[in-house]
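Kindly produce the complete structure, drawing on both the sequences and the hints.
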Amino acid sequence: MSPRLYCYTGCDFTSCFYRKGKAKPLELLENSQQYVQCLSSLCTNEMDIRGLTSFVSRLYRFKAISDIKEARYKSFLKIRGCKGKTVGKKLKKINCSSLPLCEKVLLQHLLGSQYVYMLWINALELDPTMGRCPTNYGWKNNGNGYFIPHWFDGESLPQKVNTDDEKIAETVDEGTEIREGDAENYGDHDAVNFFEGEYDADTDIEEDLNVDDMLFEDGEQSDDAWSDDSESEDDDEDNI
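Counting in UniProt numbering, the sequence shown runs from 1 upward without gaps.
In short, the hints are calculated from the structure, not lab data. These numbers were taken from a predicted model, which means no experiment stands behind them. Any given hint could turn out to be false.
[Unchecked claim] With a Cα cut of at most 16 Å, we get these calculated EDC-like pairs of lysine to aspartate or glutamate:
{"no.": "1", "residue 1": "Lys63", "residue 2": "Glu27"}
{"no.": "2", "residue 1": "Lys104", "residue 2": "Asp153"}
{"no.": "3", "residue 1": "Lys74", "residue 2": "Glu27"}
{"no.": "4", "residue 1": "Lys140", "residue 2": "Glu125"}
{"no.": "5", "residue 1": "Lys22", "residue 2": "Asp12"}
{"no.": "6", "residue 1": "Lys104", "residue 2": "Glu155"}
{"no.": "7", "residue 1": "Lys104", "residue 2": "Asp127"}
{"no.": "8", "residue 1": "Lys104", "residue 2": "Asp67"}
{"no.": "9", "residue 1": "Lys69", "residue 2": "Glu103"}
Pasting the structure below:
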């Protein structure tokens with residue numbers, strides 16, 4: 001296996017794509033010269049971020065989608081069993097690790113993978129880092145002399161979500177009685193809409209579908225066949 005691919009898809013120093021393993025990424029690479037060229041850019045100063053992002057989208061079974069944000073959104077709709085742009089009122093608990101990485105997390109993953117690969121290919125050099133600072137390549141100093149992954153820049157949630165959640169917490173702190181089922185309604189507000197205004201609170205609730213029932217672009221119902229290290233769906237439900 002290519003050291004670049006091994007590093008990009010997860011090794012001792014970089015995170016992996018959940019339940020995707022190594023077999024499927026290798027298969028994609030063997031069948032596409034375009035992805036071979038994209039992966040080759042991992043060790044250059046002109047990394048093909050767009051191509052490497054498209055590779056991840058394809059890894060999650062999206063043939064015609066190269067934008068990772070759109071792939072993430074479509075994956076969410078598939079898991080939710082939503083039709084069109086309707087997210088629905090009841091946001092069932094799902095394992096978000098099954099979604100593609102968001103754009104800013106994927107960028108740091110790319111940088112971190114690039115740095116680790118650079119260390120590997122320069123392992124016999126006096127300075128394997130070639131003068132590059134790890135904090136510019138997806139890593140941060142934890143204050144104890146060690147570097148740990150820097151997952152993303154910026155806030156983890158939009159400010160509107162944080163503000164609304166704080167209001168809910170204040171209401172609870174003031175002693176407001178919350179009846180059974182109200183907590184779910186508190187979560188059912190417009191702040192849940194991180195899909196640019198496409199959430200419709202008045203839309204009829206679509207019947208929940210199991211992830212095994214949804215069809216992917218290649219006509220198959222699940223991605224287990226592509227995951228050489230996948231766990232059972234029952235295990236996932238227990239860990240949600």
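Fill in: Hints that the structure is at odds with (numbers, increasing)
Violated: hints 3, 4, 7.
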